[in-house]
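2 protein chains.
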Amino acid sequence: MTDLFQGPKGTRDFLPSAMAVRRYIEDAWRRVSTRYGFQEVDGPTFESLELYKVKSGDEIVSQLFSFTDRGGRDLALRPEFTPTVARMVAQLGGGLPKPIKWFAIPRCYRAEQPQKGRLREFIQWNVDFIGDSSLAADRECLSVCAALLFEMGLTADDFNISWNHRDLMAELLVGLGIRTDKLPDTFYVLDRLQKLNDSERDKLLVSREFLSSEQELLGLFASEMSKPKAEQLELNKRLSAPQVRDTYEKIMQLQDQLALPELAYNFQWDIGLVRGLAYYTGFVFEVADARGENRAVAGGGRYDKLIEILGGKPTPAVGFGMGDVVLEILLSERGLLPVKPLGGPDVFIINASENAGLTGLWASRLRRSTFDHERKITVQSGLRVEHSYKASKNIGKLLQEAAHSHARFALILAPDELERNVVKWRDMQSRTEIEWPVHQAETLIRAACGQTGG
Amino acid sequence: MTDLFQGPKGTRDFLPSAMAVRRYIEDAWRRVSTRYGFQEVDGPTFESLELYKVKSGDEIVSQLFSFTDRGGRDLALRPEFTPTVARMVAQLGGGLPKPIKWFAIPRCYRAEQPQKGRLREFIQWNVDFIGDSSLAADRECLSVCAALLFEMGLTADDFNISWNHRDLMAELLVGLGIRTDKLPDTFYVLDRLQKLNDSERDKLLVSREFLSSEQELLGLFASEMSKPKAEQLELNKRLSAPQVRDTYEKIMQLQDQLALPELAYNFQWDIGLVRGLAYYTGFVFEVADARGENRAVAGGGRYDKLIEILGGKPTPAVGFGMGDVVLEILLSERGLLPVKPLGGPDVFIINASENAGLTGLWASRLRRSTFDHERKITVQSGLRVEHSYKASKNIGKLLQEAAHSHARFALILAPDELERNVVKWRDMQSRTEIEWPVHQAETLIRAACGQTGG
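If you read the protein sequences in the order shown, they are chains A and B.
Numbering follows the numbering used here, with no gaps: position 426 of the first sequence is 426.
Take any residue in the second sequence, note its place counting from 1, add 454, and you have its number in the numbering used here.
Only chain A is shown next, with the shape it has when bound in the complex:
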């Protein structure tokens, strides 16, 4: 006996109960996407390393699981799905009718330190609206994202959506005194501002060679953003200054145009929202848990240049991702995960006869579907059937096993009844039993389980 093998750090084993929760979430993602007219796609689990280096940003690149194939090509496990979507659209060129509305449910990989809500392997719902630069596309992304959260039983009190706009934000920052060539550094700093304490922040500002006036402005941002909106008096004063008034008004207009009726009060512009991914161009948003640790549940934005950067035609695009790990924590904390996700069989076969072969015979007969070879479709589906794998012929014990499996019905094959050419049929809930002639039993069983004639 060797040492016990372990699963890799930051990954999960999905036993049946965990898998049922995963299917519950994935089914909801698929259902809501389809309802909004998005079609499912997928791509390879790994892509060329270069694809991520182009425009995903330093943080993601530093967390790649990368490797080399036998042909010497550098590959990486996908840390996110947007580069794959953009590559696919770039390759297909103008061949697809616009708008392209795609969703995917890929597994993604990031070599970061595992912690609550963050694993090295996770599943991400990815929704992309491509070929439309209008606000209607941005709004539809917000709407399908919120619809998923409502679908799972969350209410508008459970989450906040903050948004920002990369271009308008750049305009605003320049108006407030940031030098144009310091904008990338400023975005980098803003993205980390609330995660740092004062001295870490000051150190970062100095290391990035900001002027003291710029340092003062970013310091003000940090202290104001830690306050509730209504108390950000100093920030509001700056935003009403003449040199930025036009930009700020554009932002407030956008707020009105983007806000969906169902989201009105928990949808807010957030001057501190940047989003780490380097390919975002305009509108960006993030959905966070409104209570507790304020974790990000979903996030996304416009990436109007990425498809062109990857060699395709200029094509506007907007999309977002939602990870399974944080969503599951949120649903679990709110008591919204289904309690009994695993259903039992339709029929549990109890064979108390001398003929052990009868069990398998009845099981495969009842599990069988009817395929219509003319129409090439399954016209009558098989039943969910289980039986004991013990040699016991004790009907009492076998009925206990049937009850334990949560079966709806039991089919009892007992010697005396078989002699009279009948089987017993038991409703496990009501504990009532009737007898059926063997030659009619399959039809009657299928009818009892809700099937009409094949």
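Some hints could be false.
[To be verified] The calculated label-pair distances, taken between Cβ atoms and stated as ranges, are:
#1 B:V892 <-> A:P242: 44 to 52 Å
#2 A:E435 <-> B:H827: 38 to 46 Å
#3 B:H827 <-> A:E442: 53 to 61 Å
#4 A:P338 <-> B:L650: 48 to 56 Å
#5 B:V892 <-> A:L96: 49 to 57 Å
#6 A:K227 <-> B:P869: 44 to 52 Å
#7 A:L96 <-> B:V660: 52 to 60 Å
#8 A:G272 <-> B:Q569: 51 to 59 Å
#9 B:R527 <-> A:K203: 32 to 40 Å
[Stated by the list, open to error] With a straight-line cut-off of 30 Å between C-alpha atoms, the simulated DSS-like cross-links for lysine-lysine are:
#10 A:K390 <-> B:K552
#11 B:K767 <-> A:K397
#12 A:K313 <-> B:K847
#13 B:K851 <-> A:K313
#14 B:K570 <-> B:K683
#15 A:K9 <-> B:K759
#16 B:K844 <-> A:K250
#17 B:K704 <-> A:K390
#18 A:K313 <-> B:K463
#19 B:K552 <-> A:K393
#20 B:K636 <-> B:K552
#21 B:K509 <-> A:K9
#22 A:K98 <-> B:K463
#23 A:K9 <-> B:K463
#24 A:K9 <-> B:K552
#25 B:K844 <-> A:K305
#26 A:K116 <-> B:K830
#27 B:K767 <-> A:K393
I should point out that these hints are in silico values taken from the structure, not numbers from a laboratory.
All C-beta atoms, glycine included, are put in the ideal place defined by N, C-alpha and C.
Since the structure of chain A is already known, use the hints to place chain B on it.
Relative to chain A, chain B alone:
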């Protein structure tokens, strides 16, 4: 503009139509597994490299995509799922009630040369029956495997199942004159025998240092196996020799016990069947296309030692895998893939009014589900709704777009009707239209789409 990025060699992009086929296959796998009482599980996409080196066999190890994480741990993308299942069971120890009946639908990875039916990334249905050493478990694996093929419209004429037994085969080979210490080499050679021409075969036999009597026997196997069963006269003579008669009779008994009624005539013992995986211990089987290129659709067998080798308690187990690539080719060649897998929306909204915002308002209203917060379940599901993303108000053109989307109904918001507080409802098939009062429209629309009151 940079060069166009490509997806990695041997991988696939799943556009909506390809994804629909993948879902069609995956749904059938899941449905049939559940019907047989198997529960879904999954594990990490990568495992420690060592897990595969233990017992998967040289061929698989030579095809691993391996890499090192930041902690210096050697990892590999899973080439198959059985080692993960065995690791999970070993870790859980005796904690799970037996038998354990699990299935999984993992993506797997092998760095082999891409060719028809073989890709570097594929999806594999994996079914495992653990904790039961009886023939009932072997039979159930055969039965669920065949049930899947029948479910997809294939008949017993479309595939053959060959089987063998590792231990009995060893007994037989020793009886026929193979030295015990040459058994592993003999299995290796048998596995390749039919893929080689005569001179390649002779070269292999010499390189593995077989005695001339052993070479003669394996040469006989090769020439006999290329003939139909009924013409393998020389082989049958050897199998009836006194020193192997008992073993051969055990095999013939097993043939009777394993053969399921639904498989009787296409289920055959195959002396040449070995299966490459090093962990198989007893019964092994393979399902092959009965026509054309005779490709393997599925294969599996008993691995009664693997869980113990990985550090767990001694636990018998049997299972099999079926890949999506060969199955899809087979279904496609038989004309059994669904022709029109993508369904259209329930409702296409046509907004010819001045109020552009109405489109989104109606769309999100109809797409909305009703969640019962008492019972914590969705009690009424949203509808599948689509609309145009063009600014057009031309009802004729928009109706064309609705028809193109395969919508069942169109909801028409036109200025004159809205003035009278009504909307138009059009059945796209029959081209009939009626008017509904705005305030009752949602209820009437949901009813028309088959929903009863929420």
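Consistency of the hints with the structure:
1. B:V892 <-> A:P242: 44 to 52 Å: Holds: the Cβ-Cβ distance is about 46 Å, inside 44 to 52 Å.
2. A:E435 <-> B:H827: 38 to 46 Å: Because 45 Å falls inside the window, the suggested range holds.
3. B:H827 <-> A:E442: 53 to 61 Å: 42 Å, violated
4. A:P338 <-> B:L650: 48 to 56 Å: At 55 Å between Cβs, range holds.
5. B:V892 <-> A:L96: 49 to 57 Å: At roughly 36 Å between Cβ atoms, L96 of chain A and V892 of chain B fall outside 49 to 57 Å, so the hint is violated.
6. A:K227 <-> B:P869: 44 to 52 Å: The hinted range 44 to 52 Å holds for K227 of chain A and P869 of chain B, with Cβ atoms some 48 Å apart.
7. A:L96 <-> B:V660: 52 to 60 Å: At roughly 58 Å between Cβ atoms, V660 of chain B and L96 of chain A fall inside 52 to 60 Å, so the hint holds.
8. A:G272 <-> B:Q569: 51 to 59 Å: 53 Å, holds
9. B:R527 <-> A:K203: 32 to 40 Å: 33 Å, holds
10. A:K390 <-> B:K552: 10 Å, holds
11. B:K767 <-> A:K397: It holds: about 27 Å lies between the C-alpha atoms, which stays within 30 Å.
12. A:K313 <-> B:K847: 29 Å, holds
13. B:K851 <-> A:K313: With Cα atoms ~27 Å apart, K851 of chain B and K313 of chain A stay inside 30 Å; holds.
14. B:K570 <-> B:K683: The given pair, whose Cα atoms are some 28 Å apart, holds under the 30 Å limit.
15. A:K9 <-> B:K759: Measuring from Cα to Cα gives roughly 26 Å; hence the hint holds.
16. B:K844 <-> A:K250: With Cα atoms ~24 Å apart, K844 of chain B and K250 of chain A stay inside 30 Å; holds.
17. B:K704 <-> A:K390: 24 Å, holds
18. A:K313 <-> B:K463: With Cα atoms ~24 Å apart, K313 of chain A and K463 of chain B stay inside 30 Å; holds.
19. B:K552 <-> A:K393: Holds, at about 18 Å.
20. B:K636 <-> B:K552: At roughly 37 Å apart (the allowed maximum being 30 Å), K552 of chain B and K636 of chain B break the hint.
21. B:K509 <-> A:K9: 22 Å, holds
22. A:K98 <-> B:K463: At roughly 28 Å apart (the allowed maximum being 30 Å), K463 of chain B and K98 of chain A satisfy the hint.
23. A:K9 <-> B:K463: 28 Å, holds
24. A:K9 <-> B:K552: Holds, because 28 Å separates the two Cα atoms, which is no more than 30 Å.
25. B:K844 <-> A:K305: The hint holds at about 22 Å.
26. A:K116 <-> B:K830: 25 Å, holds
27. B:K767 <-> A:K393: The given pair, whose Cα atoms are some 29 Å apart, holds under the 30 Å limit.
The structure fails hints 3, 5 and 20 (numbered hints given earlier, in ascending order).
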